[in-house]
Amino acid sequence: SGAVSTLVGQYLGANKIERAEASVRLTSVLTMSFLFLVSVVFYLFGDSIAGIFTKEVPTIKIASKALKIITLGYLFFGLGMVLIQAFNGAGDTKSHMVINGSVLLCLELPLAYFLAKNMNWGVDGIFISIALCHSLHAVVCWFWFKKGSWKKVQV
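Note that my numbering has the sequence shown beginning at 1028, numbered continuously upward.
Keep in mind the hints are simulated off the structure, nothing from the lab. Keep in mind the model is a prediction, meaning the values are calculated, not measured. Incorrect hints may have been included.
Listed next, the in silico BS3-like pairs over lysine-lysine satisfying Cα-Cα at most 25 angstroms (straight line) [what the hints assert, rightly or not]:
1) Lys1144 to Lys1043
2) Lys1088 to Lys1144
3) Lys1043 to Lys1178
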């Protein structure tokens, strides 16, 4: 996602808007493909991966469950990372602030608390909140990206 920021900045600076968009699409596909593979590995081998870091069975169970739940949103997480960095590369840091602030701070944290405490889902509620909100973050970024205002920012 860091590379796409540079590519977008370079292409927009050279007035090659189509190439900026193409670089975002290609980077999104590559990132999402990689994170798909990571998701499969984490989902299938969560216990073994967690076991590398601790031998405490309760901790391994929680960590494994976290990997299995959170990875359900990894495809979206990758897309959101790329799109946010594309906005940054275009000089549109305001969109970055608004999207991250509204989805990740104003929604993810209260939802995690609500699911964990009020719904009595415990740590599972926190993991579900992470997966859901990062997926929503990507969807919001995608619509913002398609809107195209990021291409018109003057730096």
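Comparing the hints with the structure gives:
1. Lys1144 to Lys1043: 50 angstroms, violated
2. Lys1088 to Lys1144: Answer holds: Lys1088 to Lys1144 is near 20 angstroms, not above 25 angstroms.
3. Lys1043 to Lys1178: 10 angstroms, holds
Hint 1 from the earlier list is the only one contradicted by this structure; the remaining hints agree with it.
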